[in-house]
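Undergrad: For the protein sequence lines, the chains are A and B, in the order given. Here the first sequence is numbered in our numbering, starting from 1 and rising by one per residue. Here the second sequence is numbered in our numbering, starting from 1 and rising by one per residue.
Where hints are given, some of them may not hold.
Listed next, with one range per pair, are the computed distances between beta-carbon atoms [to be verified]:
hint, chain 1, residue 1, chain 2, residue 2, range
1, B, Y108, A, K63, 22 to 28 Å
2, A, L42, B, S325, 19 to 25 Å
3, B, D70, A, Q61, 43 to 49 Å
4, A, L42, B, L376, 23 to 29 Å
5, A, Q61, B, P307, 18 to 24 Å
6, A, Q61, B, H465, 41 to 47 Å
7, A, Y50, B, P246, 46 to 52 Å
If you are wondering where the hints come from, they were derived from the structure by calculation, not from laboratory data. Ideal Cβ positions, reconstructed from N, Cα and C, are used throughout, including at glycine.
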Amino acid sequence: MLDNASMKITRRTLAISALAGAAAAQQTTSDELEQARKQVELTSQTLLKYEIAISAEPAFQFKA
Amino acid sequence: MPEFSEELYFSTITEWNAKLKAKQVSALELARAFAARLEKLGPRYNALALPLTERAVKKAKSVDDDIKRDRFRSPLLGIPFGAKDLLSVAGVPTTWGAKPYAAQVFDYDATVLQKLDKVGAVLIGKLSMVELAGGGGYRFPAASLFGPGINPWDRSRWSGGSSSGSGSAVAAGLVPFAIGSETSGSILTPSAYCGITGLRPTYGLVSRHGAMPLSWTMDKLGPMCHSAEDCGLVLAVMAGGDSNDPGSAGKSFYYAPEFARKMEDIRVGYAPVDFAEWAEPSARPVFEKALADLRALGVKVVETKLPEFPYRAVVDTVILGEAGSVFEPLIRSGKVDELADKKQIAGLKACLGISAPDYLKAMRIRGEIKQAFRRLYADVDLLLAPTRYGPATKLGDPLDKGITDRPIPQTPGMNVLIGAGNLVGFPALSLPCGFADKLPVAIQLVGLPFSENMLLAIGKQYQSHTDWHRRRPPV
């Protein structure tokens, strides 16, 4: 079995690691929302550039 | 309380089954020992969502009655397990890892849990997860009602998501196996980061009735275990048609490694750039060794590449479009703001802006991707790539930062294989293959629909020649 006994971590280090993420996450929601909407728009443009045959149907089936 | 050695908690299902059959241990002893361990150590990794000890003890007692009469219905009889908290269990909270659903209670068990119960497996607890299985896209591992999933190999690292608790609980020997779910990487990623074996089944093979929907056309449930063989044993119980799941393929799965094709007859496609450039430098020697070990098994390893498509745009549009519909009431009610991750809140709100033409365009391209994959698989039986290009990320690191410390490779290799494989609904197996920076890394094998037996046969062969799946963290 792998000897990992030297890989100890203190509670303080663990808390700092976890809270660093939480602190950085406190951006304003409006900034985040603007970025998310921009990403949806970029994704839409990427799809638009892809040419597809008019006969191609979506990848799901309706079953009667 | 029975006294088990630390090493015993990492036994495989096959090993526990032998001990139960030989009456060296009872189902009740097993359930009590694992339930106590899960309750004691689960919080250390933020892995435990809800202990179900009382229910487990009751179940184990009835299983012992069967064992006394030598009625062994399945290799899973008497084996304790945990389930991701997106699966409904009657009468107790099913939170989906998210604060807005913290008090949600269903009055029925998910189909997979009913199936596991029927063969005598013993559910001992619900396991933590990323909120709403990550729907909307999250930036930090802390995106969960239970806090960030902590990796048993290094507690400053993430256990991966979204099946975070399933990954860390199996890796730390808190449960012999767990059920996870995958829409795009949520079984494979925590399996790789935690050094366990995870199987994403073919879309439709396992019923999702009773599981949180995120993306109806992409969601799958699968086993996360100590070995490929264990994955086969669990999948055989989980799989099967279900009229309650509109996506059900109506097929069963029989684990039959004895009928596997010869290794020499199997062609495995890979992209060298994955191993030489996309992989993190510390992991490259490990992945190269895994490639060499697979060659040594006799399989033919050939260079190949994925057909060119806008995979990320298609994956994002399909998942976000469907998630937007699933969670529209949550978003419009404003309760979405109770989620832990700001990026995810914004991502879910933005879902409502995805147009019907964009969603349908993505689904039309998806059809072409499926056809192109079929053509690709005319030349190979499987695709091979690193599951993730490096070991688990640090708990505080943003998950969307990408490569920042080295040039981005010029050719894509199979860096989109997780998304692409999920789009086409193909099964995948993640196998631990070594350590980089003292953390586990893994390779993934992706096969044609319903080729799970082939994936598992190679996995079993690989694990009979290596011991990476046997390594365990210092718990």
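Undergrad: Identify every previously stated hint that the structure contradicts and give their numbers, smallest first.
TA: 7
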